[in-house]
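K.L.:
The chain contents come next:
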Amino acid sequence: MKFIKNTGLGIVTTAFIIFIASLFLNSFKLTDQVIINTGMSGVQLENFDISSQKMMNVTYKSKFKFLNDLDKVFESANSNIINKFSVSDVDIGKLVELSDQNGKISYSADYAEVIYDVNDPITTSKIKGIRDYTGWMQDREFVSAEELHSNLTSSINGFNNSIIYNTAFDDYKIKSLKLSILMSSGVGLLADNLQFFFFLTFILGIFGALIFIIPKFFEGTAGIKNDNIFKNPMNSRGWLGIILGTFLILFYILLYFYPVYIVEWIRLSDVAGQALFGREASQWFLYGLLYTIAVVVMGLRFLTKYRHNRYQQIRTYSVMFFQLGIAFVLPQVLYALNLPEVDLKNIWPLDYSLFYDWRIDSYMTSGALGLTFFALGIALIFLGVPIFTFFFGKRWYCSWVCGCGGLAETAGDPFRQLSSKKLSAWKIERYLINGVLVFAVVMTIWVLYTSITAKSNLLGISSYEIRKVYGFLISSIFAGVVGTGFYPLMGNRVWCRFGCPLAGYLGIVQKFKSRFRITTNGGQCISCGNCSTYCEMGIDVRWYAQRGQNIIRSSCVGCGVCAAVCPRGVLKLENKAEKGRYNEPILLGNDGVINIRKARLNK
Amino acid sequence: MVDEFLQTNIKDVYAIGDCAQHKNPAPNRKTIEQVWYTGRMQGETIAQTICERKTKYQPGIWFNSAKFFDIEYQTYGNVGNELKEGEEQFYWEDKSGRKCIKLVYDKMDKAIIGVNVFGLRMKHEVFEDWIKNKARIHQVIRDLRNANFDPEFTKKHEKEINEIFSAEIV
Numbered sequence: 027m028k029f030i031k032n033t034g035l036g037i038v039t040t041a042f043i044i045f046i047a048s049l050f051l052n053s054f055k056l057t058d059q060v061i062i063n064t065g066m067s068g069v070q071l072e073n074f075d076i077s078s079q080k081m082m083n084v085t086y087k088s089k090f091k092f093l094n095d096l097d098k099v100f101e102s103a104n105s106n107i108i109n110k111f112s113v114s115d116v117d118i119g120k121l122v123e124l125s126d127q128n129g130k131i132s133y134s135a136d137y138a139e140v141i142y143d144v145n146d147p148i149t150t151s152k153i154k155g156i157r158d159y160t161g162w163m164q165d166r167e168f169v170s171a172e173e174l175h176s177n178l179t180s181s182i183n184g185f186n187n188s189i190i191y192n193t194a195f196d197d198y199k200i201k202s203l204k205l206s207i208l209m210s211s212g213v214g215l216l217a218d219n220l221q222f223f224f225f226l227t228f229i230l231g232i233f234g235a236l237i238f239i240i241p242k243f244f245e246g247t248a249g250i251k252n253d254n255i256f257k258n259p260m261n262s263r264g265w266l267g268i269i270l271g272t273f274l275i276l277f278y279i280l281l282y283f284y285p286v287y288i289v290e291w292i293r294l295s296d297v298a299g300q301a302l303f304g305r306e307a308s309q310w311f312l313y314g315l316l317y318t319i320a321v322v323v324m325g326l327r328f329l330t331k332y333r334h335n336r337y338q339q340i341r342t343y344s345v346m347f348f349q350l351g352i353a354f355v356l357p358q359v360l361y362a363l364n365l366p367e368v369d370l371k372n373i374w375p376l377d378y379s380l381f382y383d384w385r386i387d388s389y390m391t392s393g394a395l396g397l398t399f400f401a402l403g404i405a406l407i408f409l410g411v412p413i414f415t416f417f418f419g420k421r422w423y424c425s426w427v428c429g430c431g432g433l434a435e436t437a438g439d440p441f442r443q444l445s446s447k448k449l450s451a452w453k454i455e456r457y458l459i460n461g462v463l464v465f466a467v468v469m470t471i472w473v474l475y476t477s478i479t480a481k482s483n484l485l486g487i488s489s490y491e492i493r494k495v496y497g498f499l500i501s502s503i504f505a506g507v508v509g510t511g512f513y514p515l516m517g518n519r520v521w522c523r524f525g526c527p528l529a530g531y532l533g534i535v536q537k538f539k540s541r542f543r544i545t546t547n548g549g550q551c552i553s554c555g556n557c558s559t560y561c562e563m564g565i566d567v568r569w570y571a572q573r574g575q576n577i578i579r580s581s582c583v584g585c586g587v588c589a590a591v592c593p594r595g596v597l598k599l600e601n602k603a604e605k606g607r608y609n610e611p612i613l614l615g616n617d618g619v620i621n622i623r624k625a626r627l628n629k
Numbered sequence: 011m012v013d014e015f016l017q018t019n020i021k022d023v024y025a026i027g028d029c030a031q032h033k034n035p036a037p038n039r040k041t042i043e044q045v046w047y048t049g050r051m052q053g054e055t056i057a058q059t060i061c062e063r064k065t066k067y068q069p070g071i072w073f074n075s076a077k078f079f080d081i082e083y084q085t086y087g088n089v090g091n092e093l094k095e096g097e098e099q100f101y102w103e104d105k106s107g108r109k110c111i112k113l114v115y116d117k118m119d120k121a122i123i124g125v126n127v128f129g130l131r132m133k134h135e136v137f138e139d140w141i142k143n144k145a146r147i148h149q150v151i152r153d154l155r156n157a158n159f160d161p162e163f164t165k166k167h168e169k170e171i172n173e174i175f176s177a178e179i180v
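Sequence lines, in order, name chains A and B. In this text, residue positions in the first sequence follow our numbering: the first is 27, and each later residue adds one. In this text, residue positions in the second sequence follow our numbering: the first is 11, and each later residue adds one.
Here chain B stands alone, though its shape is the one from the complex (with noise of 0.2 Å):
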């Protein structure tokens, strides 16, 4: 059990890794996360820490990544397996069936809460930004090649993305 310090019921003693279990986690944190940036965000913060700039453990908003078999995979901001009370979904798959998009967002203000990205690469200061600042969906499928970060002459899909929202949700 760690504090937002990462720092143990001993004094000078801390936890990082899969083992911190935090008392008083960030708002949309979870109490325990083992992923790889996690484990890495916490060892800077610790460094500080060890280097007597005392830091508290801010992860911010949520990210991860994976690459299952030959499709990767990107997330950020909170995406659950359902859709929580409040939210609603918008979802697009390519005809290949190796790319989708599926972005979170409020029922009410239309804010934007997370996106999952199979076989596209999204830029994470942009949907950081997008999270932080609560944009509203249409915002967000409107400036979507803005969040592009696939290699150049890779096949673009905004232009369709926006056509089929604006067809569905109005």
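Next comes chain A alone, as it looks inside the complex (with noise of 0.2 Å):
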């Protein structure tokens, strides 16, 4: 048994290696295909190509060489494209002459067809421009060509500025075509067996995790085994998970901000891409695959973990299946029948963009189907949320539906007994998450604003940059680089602990309308503490057991794992009748289970 588990373990690791290694098995090489594949056309597609001469056809070994050097491919197009399309100094001045007519200075933009050529292409978007930006001063007297110069000068640099938006290629375009290129020039060892590597890393790393989990299930007898937990170097914030941490704040920055640099992954998941769905991966593809893969076999590992419980077993089946069916596979199926892809069990506000101009057209032009998918979103928002967690508390959604939750009781469980239980936690728990509460329904507020009369600015603060930035803090940074990436550091439940607003709004739910609470057993707790050590909120249970106190906290996502661990049976979760729901604390002292103020009153 032994034997086969360690086999598994070396061939997940090995795959690990290779799935690292990749990032560096491929050269890069430009080719006229490539470019054709970016779908480049027009003046960048020519421009692009003149400035990219030198690098067409050469292989590049190091990908940090080929990025630098398309980063300057860039540059030169740019400046090329400005260059040609933006008015001159000199036509400026052209223009402030033919304007002076014997001392008498009267500016129209139709000079600009005097000064230019009106059937060149190039030419005629400069007229354009100078009708667009100087409109403004059309039949305009000016006391001196000097006023007019300075004038026309500053409208026609609003002009040029605007060169790089519209015709040459800005920062966003420059990111998203050096990904696409970098998708199909890459040449050498990866990209000639992609099958094979795909093979060498998420198929084996697979096969190795399932050979290292299933004789779980018959080790032992069942129960809870949590020997020797911290001096395990990964389990403990020891070496092991310091470097597991690393790799996974790592991995996220890449993802969000940088994926030139994990290209090869992204291929690799393509072949999965192409073979279930016929479609190219892109880098959330990548997350997607790695993030269900996680959540399935560390499910796996879970359920031999607690498979004397049938509470944890129901639960993390229904995980497995609302990240396999719900979050992986259907919005693959609804893109193929052109319905929007989304996934239908995200909640406004952890779903944030759902009021997004761009989400709700894709909602109404998706006819009754997508008009039904966005009165879901709506209806779970203002009835399932409340109704639910009023007979189930929030559990219904953070541990048996939702996704983060998902991967917070799969992929996260060895790592929960390293969320903080101090009380000043607490209190960084409550500012935290109730803040980006507030700061998503502000941001919502400027999203309708914006979805609904067509204009971006509230108050004088952009709805478009208000967003930007919510989505740069919390939705990558906090969600994603700390959500996920401090699992082996802060536990697996930082996200859904400080960070999200949807668990806020349960939290708020479940602590003052809802029939859940978690009941203690009279007398039995004997102060082992394994409640608390094992409780991914950091919510303190002992303290409830010892006192016989419910434990109702907005923060509990009822996983149950308290009552799982428990060596003397003293914790259930349950939905009962909501009167008596904060009770008293028993005094346990003496007398077997009496209330504490008959024992006062008896005094």
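The hints are simulated quantities; they were obtained by calculation from the structure and are not laboratory data. Being a predicted model, the structure only gives us computed values, none of them experimental. Note that CB positions come from ideal geometry on N, CA and C, so glycine has one too. Treat the hints loosely; a few may be bogus.
Partial selection, computed: residues in chain A whose CB lies under 10 Å from chain B [stated by the list, open to error]:
| id | residue |
| --- | --- |
| 1 | GLY246 |
| 2 | ALA248 |
| 3 | ILE250 |
| 4 | ASN335 |
| 5 | ARG336 |
| 6 | TYR337 |
| 7 | GLN339 |
| 8 | GLY548 |
| 9 | GLY549 |
| 10 | GLN572 |
| 11 | LYS598 |
| 12 | GLU600 |
Listed below are several chain B residues computed to face chain A (Cβ distance under 10 Å; list not exhaustive) [to be verified]:
| id | residue |
| --- | --- |
| 13 | GLN84 |
| 14 | HIS134 |
| 15 | PRO161 |
Since each chain comes alone in its own frame, lean on the hints to assemble the complex.
P.N.:
And the structure:
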């Protein structure tokens, strides 16, 4: 058994090393085909071609050198385009001259047609630019030629500066073109054997993990085995945990901000993307694939560990189903059917972009089903969350359905004991999570204003600016880099506990209007502290259990692990009548189970 | 040797824990009880006395729990290793061999005396109430589900236990 498990572990490690190494196995070559694949056309294609002459068909060993040279190509193409398309000082001088008629200086944009050829595409764009940007000066009279000249210069500068966005390559375009070029310009060992490497990394990795995990179903007796967990360098912020945490943090930074550096992984995931859905992979498909594999494979591990507990079993089947079926496969099916590609179980404000103009447009233009999806999204916010949370607590979502919760409960399970139980952590948690909820609501007010009125500014703040800040700070840094990257350092619910605005909303309902609570069993608690140790939300469960008080906390996701690890059967998750939910602590010191108030009255 | 206030023969000197032997133990309680729970209860009682609310040690109905390898054990009331004079028992064991319940009751008035459970979780309050108020074994078996403290979705056995009970004991 041990040999089989070690073999599995060896295979996983090998697959992981090959996965990392694959980032360095490609060379890069810019070819005509690569350029065609990017879909560039017109002026951009023409100028890219001119500027990239030196790079063409040269094989680069280094990705960094290749990217560096690509940057230079875009730079030179940009400067060529701007040179060609901008209105020069000399031309501005000519316009001023034409406006000066015997000392009377009256400007007209029509003079542009005098100085430029109206049949040439480049000069017609200049004529249009001059008309657009100097329209406000039409037929105005100026006191001096100098005054006209300075007014013209500043207006035309506006046009010249817009060329980079309208005609040349702006930063956003460069970023997406670079990714597209990197995707198809790889040559060499990896590019020639993509399927083989997909096998060596993804398939072999999953296979090894299964070999490691499946024997655990038959090992020993069913029951909680957390022996030596704090001596394991992976589970106790030891060297393995620090390495894994660093890897995850780097992975998220590259995924969100510099996907060109993990383009080999995107290409590997493309093998699965093409085979499963006949669709080219993006960085988000790579992420979705890895995420789903993590939930399903580590879900199996969770099933082995808690195989004595049916609540844990059923709950884990549920999170595996929602990740695999609803979050991973269904959006691809919807895409194939030309419907909005959405994760239907995602709820605002976790799904913070629900009311973005492009999201609403995509629902509105997809017929009755599109409208149904949008209605479902809204119904979940205003009916689903309060009703289900009233009956079952926030666990119906956080530990049964949610993708973030699903990853935390499966891949994150080995790290649940690392969540801080300090009072100070609880304080920080309340400020942060409710703060993010307020931020999400405020952002959405701005977004709705833009979606309804098509204007971007409200109270002098741009709706696009505020969503950019939210997207960067909350959805990328907090949810991804910190939320998951810090699993091996701060426990598996960093995002859910400190950042998730939906968890904040669910928590408020759970705290004030719900039938859910964790009850304690009389005087049976022995203060061992297993419940607090393995609470991923950092709740000091023992403090309540010792005094026989119901545990009602807005953060509790109802994973049920406290009840599973309790050696004395003291804790139980229950949905019961609201009355008496917040009970008095019971004095356990004397005469079995009596109420502390009764004890005081007797004195 | 301590009295009902856990006081030794010297005034203001108290003793609790494994070393404390009761001169007059409460009914159905032993003179020395060396388990975790009695230690805690004695500690909390003495704390009341120290805080000038002189409190008698009244441990109530005996209870204890443990975990043997992966099998949880709970007990309420008095269940000996062998039946005492005038006692009868009902025993049920699951096919898995990992769950069982043993209920001891009075032969004459059928009042419940104690319970041992393995692999099942039972509510402290409910059994304490039954034992204190001498509930009949028939009632205990009939209402056994009220004492169930197992996690949600755990396989339930009350129906089976009821059927076996009615078949065995009339």
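K.L.:
All hints, please: hold or fail.
P.N.:
Status of the hints after comparison with the structure:
{"no.": "1", "hint": "GLY246", "in the structure": "holds, 8 Å"}
{"no.": "2", "hint": "ALA248", "in the structure": "holds, 6 Å"}
{"no.": "3", "hint": "ILE250", "in the structure": "holds, 8 Å"}
{"no.": "4", "hint": "ASN335", "in the structure": "holds, 6 Å"}
{"no.": "5", "hint": "ARG336", "in the structure": "holds, 4 Å"}
{"no.": "6", "hint": "TYR337", "in the structure": "holds, 5 Å"}
{"no.": "7", "hint": "GLN339", "in the structure": "holds, 8 Å"}
{"no.": "8", "hint": "GLY548", "in the structure": "holds, 2 Å"}
{"no.": "9", "hint": "GLY549", "in the structure": "holds, 6 Å"}
{"no.": "10", "hint": "GLN572", "in the structure": "holds, 9 Å"}
{"no.": "11", "hint": "LYS598", "in the structure": "holds, 5 Å"}
{"no.": "12", "hint": "GLU600", "in the structure": "holds, 8 Å"}
{"no.": "13", "hint": "GLN84", "in the structure": "holds, 6 Å"}
{"no.": "14", "hint": "HIS134", "in the structure": "holds, 2 Å"}
{"no.": "15", "hint": "PRO161", "in the structure": "holds, 5 Å"}
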